[in-house]
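Undergrad: One-letter residues, chain by chain:
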Amino acid sequence: MSASKQEAATAYWKENLRWMLILLVIWFVVSFGFGVLLVDQLNAIQFFGFPLGFWFAQQGSIYVFVLEIFFYVWKMNQLDRKYDVHEE
Amino acid sequence: MDTQTLIYLFVGASFALYIGIAIWTRAGSTSEYYVASKGVHPVLNGMATGADWMSAASFISMAGIIAFAGYDGSVYLMGWTGGYVLLAMCLAPYLRKFGKFTVPEFVGARYYSQTARVVAVICVIFISFTYVAGQMRGVGIVFSRYLEVDINTGVMIGMAIVFFYSVLGGMKGITYTQVAQYCVMIFAYMVPAIFISMMVTGNPIPQLGFGSEVSGTGQSVLERLNGLGAELGFTPYTDGSKSTTDIFFITMALMVGTAGLPHVIVRFFTTPTVRDARKSAGYALLFIAVLYTTAPAVAAFARTNLLTSVPNTSYEEVPAWFKTWENAGLIAWMDKNSDGVIQYGPGAAFAGKPEFTAERGASGERLLKNAPTPTTTEVYVDNDIMVLANPEIAGLPGWVIALIAAGGLAAALSTAAGLLLVISTSISHDLLKSNLMPNISEKKELLAARVAAGVAVVVAGLFGIYPPAFVAQVVAFAFGLAAASFFPVIVMGIFSKKMNKEGAIAGMLVGLIFTFSYIVYYKFINPTAGPNEWWFGISPEGIGTLGMIFNFIAAVVVSKFTAAPPEHIQHLVEDIRVPRGAGAAIDH
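Protein sequences appear in the order of chains P and D. Residue 2 in our numbering sits at position 2 of the first sequence, with consecutive numbering throughout. Residue 37 in our numbering sits at position 37 of the second sequence, with consecutive numbering throughout.
One chain only, chain P, in its complex shape (with noise of 0.2 Å):
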C-alpha cells in the first residue's frame, strides 16, 4: 500500500469506528435501556396500547435493529466511496 492509500485506509478505518459506535449505542439503548433497566419507569407510558417498556422489549428494539444495520449499510457503501476502498 502507498503512503497516500495507508492514510486513507486509516482515516476510513476511523470513521467506520465512530459510526459503528454510535449504533452501538442505540443498539444498546433501545434494547437494555428502554427494554432492561428502565422498563418499569417506561412502563407507566402508555404508547398505542402497549405500556411503553414492554413494547420496547417485544417489538421496538426489534424495529430500531433491523433500521440500523440498514443504515450501516447505506453510510458504509457512502465511507467506501469517500475513502476510495470500495470493491471495483
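Now the in silico label distances, taken between C-beta atoms and shown as ranges:
hint, chain 1, residue 1, chain 2, residue 2, range
1, P, Arg81, D, Phe495, 20 to 28 Å
2, P, Asp40, D, Ile205, 26 to 34 Å
3, P, Glu88, D, Pro566, 23 to 31 Å
4, D, Lys498, P, Arg81, 28 to 36 Å
No wet-lab data here; the hints were simulated from the structure. Keep in mind that this is a model prediction, so the values were computed, not measured. The beta carbon of each residue, even a glycine, is placed where N, CA and C say it ideally should be.
Fit chain D to the known structure of chain P by using the hints.
TA: Only chain D this time, still in chain P's reference frame:
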C-alpha cells in the same frame, strides 16, 4: 379433501420442491460445497440465513414460551435478533473480506496457530451437534403429530431428506433450499397469525392487533391479559418475574451467542462482495423480524384465548381443541378437587411431564400417573401448543393446519441442514485438509466432506431417536459457549492489531472453561440451586455473558505480557478492514 390428505399433499409437495432444488443446484467443487462459490445474492442470502437461523424451536415453541413467560419471554425476542446488529457491524464484512471457508480457518490464520484452530474446531462441532439434536427431534415430533407415524420413523424420514440435499448440494444446495423453506415457513406462520389477530381484535396485522382492543371488551389485549391473569393469581403479563440482572445477562448471552454461532457466521462467507455481506445481514434480520415481531402477538392472543375459555369451565363444556390436544398428550387435566370444573392458576399442576394411564376419569378426562402438587391449579399446557393449536382455536380450515405441518418441517430441516454442513466442513477442511492430510486432492476433500456430512446426519438422527435427557438444558451450552469463545476471539482479531496467539488462546480457554463449569455445576450437579446461590443472581442461561467478559480480560492481560503478533499478521488485519480486493472465491 380431508385435513389428513391435505397434510400429506402439502408436506409431500414441499419435500419434492426441496429435492428438486437440490438436484438442480448440486455442488461440483469444494468452493461450491463450502460457500456456494460466494455467488449468492444478498436478498436470497438473507432469506437463507433466516431459515437457517429460525429453528423448530423458533417456529413451534417460542410463541408458547412467551405466552407463559410474558415479559420474561422478551429475552428471546431481543436476544435472537440483536445479535444481527453485532454481526453486521463487527463480524460479517471483515470475515467475508478474509475470504476463506470456515470460522476455525479464520481463527487459525489470524492467530497463526494450529492449536487455536483445533480448539475452534472442537467448539464448532460441540455447539453444532448440541443444536442439531434438537432439530431432528423437532422433525420427529411434527411427523408424529400430523402424519400419524411414530417419532422414530419421522426422524428417519427427516434424516433421509436432509442427507439427500446436504450431501448432494453442499452449501449451494442448502442455500437455495433454505430460500424455499423460508417462504414456506413464513407463509405458514403468518396465515394463522393474521386470522387469529382478526378474531381477537379485528385488526389483520398481528403487530398492530397486539396493541389494539379486544373486540367487545373496551380493553387493550395487554390490559385484558393482566386483568384475567390477576383474577387467577398470575403475575402481570407485562411484568415478568425474573430479576433485572438475569434478564440483562440472558439477553446479552443470546445476542452475543447468536453473533458467535458458526452456522450463522458462515452464511456471510457466501456473498459475492463485502458490500453484499453487510446488506445480507440487514435482509436476514428483516426476514427474521417478520416472525419475531409476530410471535409475541401470537403469544398474547393465544394466552387471551386460553384464559377466557378454559379456567372455571366444566370439562364437558370446554372447547374441542382442549380435548384434541389432551388426546395428543400436550394438554392434561388432573381434577384434583373432583368437581368436574377446570381450575387454572400459577404453578405446576403435577410433577414433571404428563404420563397418562389408559383409563378415563369421571368427567371423561385422561387419568395421569404423575404425583399432584399442593397447588390448586389442575392444568398442564405444553409450550408447543400455542402455535400448533392456533388454527383450530381460530376455527381455520384444514389447509391451514397442513400449512403449519409443512412450515414446522421447513424450520427444523433448514436449520439441521445448515448445522450439518458446518460440521462436515469443519471435519473435512479444518481437520483433514489442514491437519491430518494436507496433500489431499480437491476431489477427495469433497468426498470427505460428503462422507462427514453423511456420518453427521446419522449421529444427529440417533440423537433424535434416543434423545439424551439433557437436550433441553444444552441449548444454554450452545449460546453460552459461542458467546464465551468465538465472539471475543473474532472481534479482537479484527479490532485489535496487537492481539496475539497467546492472548487469544488464553481468552478462549478461560471463557470456555468458566462457562462450561458454571453450566455443568448449576444444570447437572446442583440443579435445584436457585437465584440465591447463582453468582450475582445470573442463571446458567446468562452466564455466557460473564464468560465473554472473562475472555476479553484474560486475552488483553496475557497479550500485554507476550510478544506482539508478527508483521504479516498486522498487515492481514489492515487488509481485512477495507473492502477493496475481496474478489470472488479464493482458491487454496
